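Residue numbers (full-length UniProt numbering), protein chains in the order written: chain A, 1 to 212; chain B, 1 to 212; chain C, 1 to 212.
Hints were generated in silico from the structure; no laboratory data involved. Please read all numbers here as calculations on a predicted model, not as lab measurements. Treat the hints with care, since some could be wrong.
[Unchecked claim] Far from chain C by the CB rule (all over 10 Å, computed), these chain A residues:
| id | residue |
| --- | --- |
| 1 | 72 |
| 2 | 73 |
| 3 | 114 |
| 4 | 201 |
[As the list claims (entries may be wrong)] Here are the computed lysine-lysine pairs in the BS3-like style, where the Cα-Cα straight-line distance is at most 30 Å:
| id | chain 1 | residue 1 | chain 2 | residue 2 |
| --- | --- | --- | --- | --- |
| 5 | C | 28 | B | 28 |
| 6 | B | 28 | A | 28 |
| 7 | A | 28 | C | 28 |
[To be verified] Partial list, derived from the structure: chain C residues whose beta carbon lies under 7 Å from chain B:
| id | residue |
| --- | --- |
| 8 | 115 |
| 9 | 120 |
| 10 | 192 |
| 11 | 194 |
Cβ coordinates follow ideal geometry from the N, Cα and C atoms, glycine included.
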Amino acid sequence: MFDTVTTVLEWFGLCIFSVTGALVASRKQMDITGFALLGCVTGLGGGTFRDLVLGLTPVSWVEHPSYIMATLIVACLTFFFAHIPQSRYQYLLWFDAVGLALFAVVGAERALNASNDPIIAVAMGVASAAFGGILRDIIGQEEPVVLSREIYITAALAGAVVFVALVRLGVPREIAVGLGFCTGLILRGAGLIWGLSFPRYQPRPGRPIGKP
Amino acid sequence: MFDTVTTVLEWFGLCIFSVTGALVASRKQMDITGFALLGCVTGLGGGTFRDLVLGLTPVSWVEHPSYIMATLIVACLTFFFAHIPQSRYQYLLWFDAVGLALFAVVGAERALNASNDPIIAVAMGVASAAFGGILRDIIGQEEPVVLSREIYITAALAGAVVFVALVRLGVPREIAVGLGFCTGLILRGAGLIWGLSFPRYQPRPGRPIGKP
Amino acid sequence: MFDTVTTVLEWFGLCIFSVTGALVASRKQMDITGFALLGCVTGLGGGTFRDLVLGLTPVSWVEHPSYIMATLIVACLTFFFAHIPQSRYQYLLWFDAVGLALFAVVGAERALNASNDPIIAVAMGVASAAFGGILRDIIGQEEPVVLSREIYITAALAGAVVFVALVRLGVPREIAVGLGFCTGLILRGAGLIWGLSFPRYQPRPGRPIGKP
Chain A
1 MFDTVTTVLE WFGLCIFSVT GALVASRKQM DITGFALLGC VTGLGGGTFR
51 DLVLGLTPVS WVEHPSYIMA TLIVACLTFF FAHIPQSRYQ YLLWFDAVGL
101 ALFAVVGAER ALNASNDPII AVAMGVASAA FGGILRDIIG QEEPVVLSRE
151 IYITAALAGA VVFVALVRLG VPREIAVGLG FCTGLILRGA GLIWGLSFPR
201 YQPRPGRPIG KP
Chain B
1 MFDTVTTVLE WFGLCIFSVT GALVASRKQM DITGFALLGC VTGLGGGTFR
51 DLVLGLTPVS WVEHPSYIMA TLIVACLTFF FAHIPQSRYQ YLLWFDAVGL
101 ALFAVVGAER ALNASNDPII AVAMGVASAA FGGILRDIIG QEEPVVLSRE
151 IYITAALAGA VVFVALVRLG VPREIAVGLG FCTGLILRGA GLIWGLSFPR
201 YQPRPGRPIG KP
Chain C
1 MFDTVTTVLE WFGLCIFSVT GALVASRKQM DITGFALLGC VTGLGGGTFR
51 DLVLGLTPVS WVEHPSYIMA TLIVACLTFF FAHIPQSRYQ YLLWFDAVGL
101 ALFAVVGAER ALNASNDPII AVAMGVASAA FGGILRDIIG QEEPVVLSRE
151 IYITAALAGA VVFVALVRLG VPREIAVGLG FCTGLILRGA GLIWGLSFPR
201 YQPRPGRPIG KP
């Protein structure tokens with residue numbers, strides 16, 4: 001069984017990501033069913049991928065339909081309240097950041113329970129954090145957030161690494177979850193606020209032909 | 001075991017969706033292998049997703065290779081006969097509508113047999129109806145039909161809801177399948193003919209800053 | 001158990017595809033985590049799809065984390081050395097060609113071991129060869145190589161068909177693997193060098209209205 005902290009965070013992450021999916025739907029002026037579809041895809045996409053590759057089928061939301069209901073309700077509420085914030089895109093980016101940090105830790109935790117390999121746990125944390133947003137941006141034809149110049153995948157990676165390392169060091173899970181989440185959110189937040197980014201690949205001139 | 005009506009409809013849906021995939025290939029002037037690829041992806045994509053998340057692996061077309069053969073043959077026939085209709089895009093939209101209504105019912109039926117939960121059944125109906133077309137449009141770099149202004153996902157949703165509700169009320173499956181299919185097709189058809197659509201999200205001015 | 005030749009080729013294919021993913025990341029000027037993500041997606045995508053639909057879960061890279069490590073290391077090396085070649089896009093296309101031919105044979109071999117059906121084996125060969133590159137191009141927002149005018153999917157198809165046919169005829173696996181790989185690589189290479197392509201779909205004028 002998973003401890004309560006992780007389950008609560010997974011629920012929170014589902015709802016947060018569902019909001020980002022619905023906000024993309026609002027930018028495309030879709031109808032309410034479109035909001036529901038993009039909310040579900042974004043909220044459930046990462047966990048679906050994680051469960052499938054770990055062989056945990058039927059996937060969690062088939063066993064617990066309350067997951068789908070939560071993403072649907074949140075997406076529909078967004079349909080009616082999305083006009084309130086001044087800038088929907090800013091909200092989208094920040095909700096996406098919270099969801100990213102949450103799912104990086106939750107995904108790593110689930111994988112640690114299923115396979116007990118730290119590399120797989122970190123990879124699953126990154127994958128379940130990134131996958132929902134990638135699907136959302138592809139289906140909604142947005143510029144993929146994952147390609148953004150500011151720190152993004154790195155934040156999920158750092159959060160998952162901190163969590164897995166602390167668990168391995170014997171730190172209680174609640175504390176490891178908290179510190180992993182904060183690491184991810186602070187890094188991504190630094191990217192959003194100060195445009196913090198890692199060195200990008202800089203194309204340099206190729207070697208002159210004929211020289212070794 | 002599934003009853004015969006559903007199996008026949010699944011076959012018909014496979015072939016119809018395969019035609020829409022091949023028509024996208026024709027719009028991109030691909031060669032015959034491209035037709036086969038897009039036909040398979042569109043015809044088998046929805047069912048593959050459904051089987052994977054329900055944990056019904058190996059997926060149905062691995063167990064019954066005749067499914068692949070049917071989509072391949074249909075896609076190759078389309079290569080030779082796609083020039084006949086005056087407007088290929090109109091055919092694409094209508095075939096897609098029939099496939100959507102068919103898979104909404106078939107997907108819900110399969111999920112009802114596997115998990116017996118009405119919410120999951122409806123979600124699976126919508127997902128298996130929409131997924132093949134989403135993949136087709138992403139790989140073929142078309143404007144996703146799922147983003148279209150006219151009723152689309154809602155039609156699949158309505159068809160699946162009608163089917164599941166009737167089965168729950170004790171109506172014989174053949175009748176429930178027929179009524180669910182008609183509901184989906186009529187709604188989507190109304191969208192195509194009269195441009196019927198649900199209220200879209202309308203951006204409204206944000207609240208004035210400083211006011212509650 | 002799989003024989004050694006296939007395992008070696010799978011490793012080689014993983015690394016080659018990881019390079020192509022990293023080269024796409026370099027074209028988008030991503031940071032090193034972006035290189036790692038695209039390298040993993042491209043290197044592992046085809047095999048993940050194959051394992052999922054065959055029901056071989058947890059998928060191979062969850063059971064053998066060394067697969068992930070290899071794609072990560074290759075992607076990170078590419079970050080530092082991608083500037084050396086004169087034309088990165090040419091390298092991308094040729095590495096992709098080698099990976100395509102390798103995975104067509106490896107995928108067919110794995111499917112033959114799992115289901116023993118020649119049609120499924122050929123389909124899995126094509127799918128695992130094409131899927132990683134399709135994901136790479138969608139996430140990296142490149143023009144999908146699979147839509148390219150020159151022979152692409154057909155090369156994977158031919159390689160898989162040759163391999164499966166030879167195995168069925170009783171030819172030793174090593175030889176069948178070698179000939180299948182050469183068939184795929186030569187066909188795709190001919191497409192790259194001479195622009196060899198199959199007849200494309202040519203839109204022809206529709207039938208005059210009112211005539212049978």
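These are the hints, each one checked on the structure:
The claim that residue 72 (chain A) lies off the interface holds: its Cβ sits roughly 26 Å from the closest Cβ of chain C, which is beyond the 10 Å cut-off. Here residue 73 (chain A) stays apart from chain C, with its beta-carbon at least about 30 Å from theirs, past the 10 Å limit. For residue 114 (chain A), the requirement that its beta carbon stay farther than 10 Å from each beta carbon of chain C is not met, with the minimum near 8 Å. With a least beta-carbon separation of about 5 Å from chain C, residue 201 (chain A) fails to lie farther than 10 Å from that chain, contradicting its non-interface assignment.
The suggested pairing of residue 28 (chain C) with residue 28 (chain B) holds, with an alpha-carbon distance near 25 Å, which does not exceed 30 Å. Our distance criterion of 30 Å between C-alpha atoms is met by residue 28 (chain B) and residue 28 (chain A), whose separation comes to about 25 Å. As the CA atoms of residue 28 (chain A) and residue 28 (chain C) are separated by approximately 25 Å, the hinted pair is consistent with the 30 Å bound. Interface hint status for residue 115 (chain C): upheld, as the beta-carbon distance to the closest one in chain B is roughly 6 Å, under 7 Å.
The interface hint given for residue 120 (chain C) holds, since its Cβ lies 5 Å from the closest Cβ of chain B, which is under the 7 Å cut-off. The beta carbon of residue 192 (chain C) comes no nearer than 15 Å to any beta carbon in chain B, farther than 7 Å, and the hint placing it at the interface is violated. The closest approach between the C-beta of residue 194 (chain C) and any C-beta of chain B is roughly 16 Å, which is over the 7 Å cut-off, so the hint fails.
Hints 3, 4, 10, 11, counting from the list given before, are not met by this structure.
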